[in-house]
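This is what each chain is made of:
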Amino acid sequence: MQTQRLLEMANQIGDFFQSYPDPVEARKDIANHLKKFWALSMREQIIAHVEAQQGAGLHAIVGEAIKEHRATLAS
Amino acid sequence: MDKQMDYGTPAVIADKQVTLEIDGRQVTVAAGTSVMRASMEAGITVPKLCATDSLEPFGSCRLCLVEIEGRRGYPASCTTPVDAGMKVHTQTPKLADIRRGVMELYISDHPLDCLTCAANGDCELQDMAGAVGLREVRYGYEGENHLKAEKDTSNPYFTFDPSKCIVCSRCVRACEETQGTFALTIHGRGFDSKVASGTGNFMDSECVSCGACVQACPTATLMEKSVIEQGLPEHSVTTTCAYCGVGCSFNAEMRGEEVIRMVPNKDGGANHGHSCVKGRFAWGYTTHKDRITTPMIRKSIKDPWQEVSWDEAINYAASEITRIQRQYGKDSVGAITSSRCTNEEVYVVQKLVRAVFGSNNVDTCARVCHSPTGYGLKQTLGESAGTQTFDSVMQSDVIMIIGANPTDGHPVFASQMKRRLREGAKLIIADPRAIDLVSSPHVKADHHLKLRPGTNVALISALAHVIVTEGLVNEAFVRERCEWDSFVAWRDFVAKPENSPEALEPFSGVDAEELRAAARLYATGGNAAIYYGLGVTEHSQGSTMVMGIANLAMATGNIGREGVGVNPLRGQNNVQGSCDMGSMPHEFPGYRHVSDDETRALFEQAWGRPLSNDPGLRIPNMLDLAGEGKFKAIYCNGEDIAQSDPNTQHVTHALESMECVIVQDLFLNETAMYAHVFFPGASFLEKSGTFTNAERRISPVRRVMTPKNGMEDWEITARLSTALGYPMEYQHASDIMDEIARLTPTFEGVSFAKLDELGSIQWPCNDTHPNGTPVMHVDEFVRGKGKFFITQYVPTSEKVTARFPLILTTGRILSQYNVGAQTRRTANVAWHQEDLIEIHPHDAEERGIQEGDWVGITSRAGETVLRATITERVQPGVVYTTFHHPESGANVITTDNSDWATNCPEYKVTAVQVARVTQLSDWQTEYQNFSEAQIAFAGLPADVAATE
Chain A
28 MQTQRLLEMA
38 NQIGDFFQSY
48 PDPVEARKDI
58 ANHLKKFWAL
68 SMREQIIAHV
78 EAQQGAGLHA
88 IVGEAIKEHR
98 ATLAS
Chain B
84 MDKQMDYGTP
94 AVIADKQVTL
104 EIDGRQVTVA
114 AGTSVMRASM
124 EAGITVPKLC
134 ATDSLEPFGS
144 CRLCLVEIEG
154 RRGYPASCTT
164 PVDAGMKVHT
174 QTPKLADIRR
184 GVMELYISDH
194 PLDCLTCAAN
204 GDCELQDMAG
214 AVGLREVRYG
224 YEGENHLKAE
234 KDTSNPYFTF
244 DPSKCIVCSR
254 CVRACEETQG
264 TFALTIHGRG
274 FDSKVASGTG
284 NFMDSECVSC
294 GACVQACPTA
304 TLMEKSVIEQ
314 GLPEHSVTTT
324 CAYCGVGCSF
334 NAEMRGEEVI
344 RMVPNKDGGA
354 NHGHSCVKGR
364 FAWGYTTHKD
374 RITTPMIRKS
384 IKDPWQEVSW
394 DEAINYAASE
404 ITRIQRQYGK
414 DSVGAITSSR
424 CTNEEVYVVQ
434 KLVRAVFGSN
444 NVDTCARVCH
454 SPTGYGLKQT
464 LGESAGTQTF
474 DSVMQSDVIM
484 IIGANPTDGH
494 PVFASQMKRR
504 LREGAKLIIA
514 DPRAIDLVSS
524 PHVKADHHLK
534 LRPGTNVALI
544 SALAHVIVTE
554 GLVNEAFVRE
564 RCEWDSFVAW
574 RDFVAKPENS
584 PEALEPFSGV
594 DAEELRAAAR
604 LYATGGNAAI
614 YYGLGVTEHS
624 QGSTMVMGIA
634 NLAMATGNIG
644 REGVGVNPLR
654 GQNNVQGSCD
664 MGSMPHEFPG
674 YRHVSDDETR
684 ALFEQAWGRP
694 LSNDPGLRIP
704 NMLDLAGEGK
714 FKAIYCNGED
724 IAQSDPNTQH
734 VTHALESMEC
744 VIVQDLFLNE
754 TAMYAHVFFP
764 GASFLEKSGT
774 FTNAERRISP
784 VRRVMTPKNG
794 MEDWEITARL
804 STALGYPMEY
814 QHASDIMDEI
824 ARLTPTFEGV
834 SFAKLDELGS
844 IQWPCNDTHP
854 NGTPVMHVDE
864 FVRGKGKFFI
874 TQYVPTSEKV
884 TARFPLILTT
894 GRILSQYNVG
904 AQTRRTANVA
914 WHQEDLIEIH
924 PHDAEERGIQ
934 EGDWVGITSR
944 AGETVLRATI
954 TERVQPGVVY
964 TTFHHPESGA
974 NVITTDNSDW
984 ATNCPEYKVT
994 AVQVARVTQL
1004 SDWQTEYQNF
1014 SEAQIAFAGL
1024 PADVAATE
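Residue numbers (this note's numbering), protein chains in the order written: chain A, 28 to 102; chain B, 84 to 1031.
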């Protein structure tokens, strides 16, 4: 899938969770959302993007969530 | 054929019972019951003409008179309530004399053509003539009469023959009480009294063709044309309508294997004997000449179709799936289920994907309508379903409708809602458009919050702000029933000044004072219920809005009892059911995540195959990957993504890119034009199964005729599965339901036998609730404590600009259904032959657009051309259309924008420009050429796509 499409979807998810008062919980719930609703191939692709491009084009909190919960998301 | 018993007047529900004597028999009934009904319930028939148990008593025909000891005269039994100790006589010489006299008068002005009358054998006037022993008419037939009154045949489905009218007013009362349209009246007085539909004929009137008047008519005055043409039915089978999410129960009245008419079932839990123009009359598509009944295959969409045997078609499809999975991997294949299919059909498709394809690449058309409901209500309340029964609305004091148009989308429920509104319930409507309920006969919204499309979340946060800052929260409820920490976070968020109505007014366009008044009414007006539709879900913040609605209900304690709740109005008949059955790529049946080890083990054991613990692809994911050459085959079961899904060009490019598209449908739909295998499907009249409506009501679908394609749809899926090496050995749809019940806790107590016994069942149905659960979350939420979510308004990325200055929003109309595949093949096209674009007079004038002009609508995604209709229903800056006709290309202009949580498309917000044009768009010209070629490839008549 085109990475740009994944970034748009991930950023929308970030828009929702960034209003959480607790950023730790927000990052955890972003990762949970990706884990629960995105196919593994899509998760692997966005992880690769975060690692290769330092999360370019990605909402900061989403990038942080992916880095923080990488192990969960990659399995 | 046994007719349903007519007790003459409606049933009364009362705690107190009253005992009286009727014709020497002791009879006990609820206090307030009419003498007529008490008699009928005791098996004592009282003659009647103007009374019927679907309508309040009227007391005009004077045929139901009785004698009551100690009372003077001959009171009408329909309008006389029972009293304790009352002694009633229904048959005396004097009563017989009066009744014969009354009948003489009626018959003196009635055609004596009983033997050739369409109602012969089904006429209450005829029955009453017999019942009262009428042997002569002393007045003769020569006097002034109505026998030459002109027949009105304008309605495509029924005729109005005033020569046969006895002016009992049952039709007028049905239009008022049952339907709530008030299209009929009694015009004139005395002998000149006649039923009138406005000043013209039925088609030119306000009549919505619901059939309530036809149902109520005791003579042949209002009569189905199908009965006039074919005669009366000889047997009847109770089944469930295949149209909207109300899920009306109907008696299919048959002659052999031919449907003569569909009559709404008085015992139907969702409809109580009412119907709409679609369910009542628009079933002709089931035998339409466009039906394809022989399987077809082809190598390429550039090739003509080849008719083949079922074995050949199934083996070809199986071999292609096998080849593609070997070549491209198991994840290169998936399936789409449809909300137009039964629970059993959907269940076997998702089982095929999970157990045989070996992935979770199954999705459903709810993806593009109510997937945010599933997500939002699961998060907040713990269950992906509406909380109430439809009947619950009769206990509501305040009704809030958000982004729904019930009179068009859910007409039978709208009639019930209007009844409650006429009784005095208050009404708040949040909608960019002035839907009918904003102002219709005897119904006027107390507040119409006319928001700009795309600003729902601003609206809900502002409503919440008022409730929180003005001290209207039901704190006792919140403390007892909800997660307090989540409430506090939400409360602090909505209380911020930036969430006030005044601060959000520039975004939403809703007057702050009006919004404040609406919020106060919702929070303090008594039982308050929210009903919502696709105007909530089909947005980039659809899921946020659903959670916002649940927040509001929890904060005010409006959940967990009759009269309140959160009520998604589901578009199609089985949206709830298709989701219940595990159609989503992340869930097994019963909304259990595929990563849940215990659930997965249960299904692995039952199905004997290892199952994936990873969510599969959603429809838009599949289409994106197909366009990139990474997703190669799809089994599309009863769904037409080429017409219904957004950004048509993107969808058709994806379909063209696949190596095997398998479509199972009644017709060569838009998706089938891109298919390589066509499995002809069976109509709802040709199969057994169940539908689950918007109130979680599981209702039986019963086979009334032999499938024209040779088998029921679940059998096709089962045979495909067998060809793929995994036999599904069900003998009947009931076997599938038994498996569902074994594996799904909320369906644990459901079986076909129980549905036969109870008529319908609202899930959860289990040991605790053996007869089902009408109202959910009564003592606690399914998730335990209700959870509040912060609903930050995030404006859509679909921005209005100088190039695209208007917002296009889309919706439905009464006479057509979804992509129109069914209703376009019925006489319903008389009301809607083409999709129009509604435009406000100011916007039209600015562009020099006149009523009926062709206008081009251009968005960032594409362009199409429709005829304009100029109306103040839409606000300036907003245009509106429907997508019932494929050639309209409404989804050529909608974009890929979608809900953040579920990818539900943002159909409701597309930035467009509109201008007068003189010819069709390029897309429409290409479409015309392509579809004509595809129709020829299938050997169908050239007018297959035309409306008939």
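Simulated from the structure, these hints should not be mistaken for lab results.
Ideal Cβ positions, reconstructed from N, Cα and C, are used throughout, including at glycine.
Careful: at least some of the hints might be erroneous.
Stated by the list, open to error - Just some of the chain B residues that point at chain A, by a computed CB distance under 10 Å:
id, residue
1, E233
2, I407
3, R409
4, Q410
5, D414
6, D680
7, E681
8, G793
9, N980
Unchecked claim - For each label pair, taking beta carbons as the anchor points, the in silico distance ranges come out as:
id, chain 1, residue 1, chain 2, residue 2, range
10, A, R32, B, E581, 26 to 36 Å
11, A, R32, B, E934, 37 to 47 Å
12, A, D49, B, Q1011, 53 to 63 Å
13, A, N59, B, R562, 42 to 52 Å
14, B, A595, A, R32, 35 to 45 Å
15, B, P828, A, D49, 27 to 37 Å
16, B, Q814, A, Q80, 53 to 63 Å
Unchecked claim - The calculated DSS-like cross-link candidates involving lysine-lysine, where the alpha carbons are at most 30 Å apart (straight line), are:
id, chain 1, residue 1, chain 2, residue 2
17, B, K533, A, K55
18, B, K413, A, K62
19, B, K713, A, K63
20, B, K99, A, K62
21, B, K86, A, K55
22, B, K277, A, K63
23, B, K86, A, K63
24, B, K579, A, K55
25, A, K63, B, K461
26, A, K94, B, K231
27, B, K837, A, K62
28, B, K791, A, K94
29, B, K533, A, K62
30, A, K94, B, K713
Results for each hint:
{"no.": "1", "hint": "E233", "in the structure": "61 Å, violated"}
{"no.": "2", "hint": "I407", "in the structure": "17 Å, violated"}
{"no.": "3", "hint": "R409", "in the structure": "19 Å, violated"}
{"no.": "4", "hint": "Q410", "in the structure": "17 Å, violated"}
{"no.": "5", "hint": "D414", "in the structure": "7 Å, holds"}
{"no.": "6", "hint": "D680", "in the structure": "14 Å, violated"}
{"no.": "7", "hint": "E681", "in the structure": "16 Å, violated"}
{"no.": "8", "hint": "G793", "in the structure": "36 Å, violated"}
{"no.": "9", "hint": "N980", "in the structure": "9 Å, holds"}
{"no.": "10", "hint": "A:R32 x B:E581: 26 to 36 Å", "in the structure": "31 Å, holds"}
{"no.": "11", "hint": "A:R32 x B:E934: 37 to 47 Å", "in the structure": "41 Å, holds"}
{"no.": "12", "hint": "A:D49 x B:Q1011: 53 to 63 Å", "in the structure": "56 Å, holds"}
{"no.": "13", "hint": "A:N59 x B:R562: 42 to 52 Å", "in the structure": "27 Å, violated"}
{"no.": "14", "hint": "B:A595 x A:R32: 35 to 45 Å", "in the structure": "38 Å, holds"}
{"no.": "15", "hint": "B:P828 x A:D49: 27 to 37 Å", "in the structure": "33 Å, holds"}
{"no.": "16", "hint": "B:Q814 x A:Q80: 53 to 63 Å", "in the structure": "56 Å, holds"}
{"no.": "17", "hint": "B:K533 x A:K55", "in the structure": "37 Å, violated"}
{"no.": "18", "hint": "B:K413 x A:K62", "in the structure": "20 Å, holds"}
{"no.": "19", "hint": "B:K713 x A:K63", "in the structure": "22 Å, holds"}
{"no.": "20", "hint": "B:K99 x A:K62", "in the structure": "57 Å, violated"}
{"no.": "21", "hint": "B:K86 x A:K55", "in the structure": "61 Å, violated"}
{"no.": "22", "hint": "B:K277 x A:K63", "in the structure": "64 Å, violated"}
{"no.": "23", "hint": "B:K86 x A:K63", "in the structure": "52 Å, violated"}
{"no.": "24", "hint": "B:K579 x A:K55", "in the structure": "25 Å, holds"}
{"no.": "25", "hint": "A:K63 x B:K461", "in the structure": "13 Å, holds"}
{"no.": "26", "hint": "A:K94 x B:K231", "in the structure": "85 Å, violated"}
{"no.": "27", "hint": "B:K837 x A:K62", "in the structure": "39 Å, violated"}
{"no.": "28", "hint": "B:K791 x A:K94", "in the structure": "57 Å, violated"}
{"no.": "29", "hint": "B:K533 x A:K62", "in the structure": "38 Å, violated"}
{"no.": "30", "hint": "A:K94 x B:K713", "in the structure": "27 Å, holds"}
Of the numbered hints listed earlier, those contradicted by the structure are 1, 2, 3, 4, 6, 7, 8, 13, 17, 20, 21, 22, 23, 26, 27, 28 and 29.
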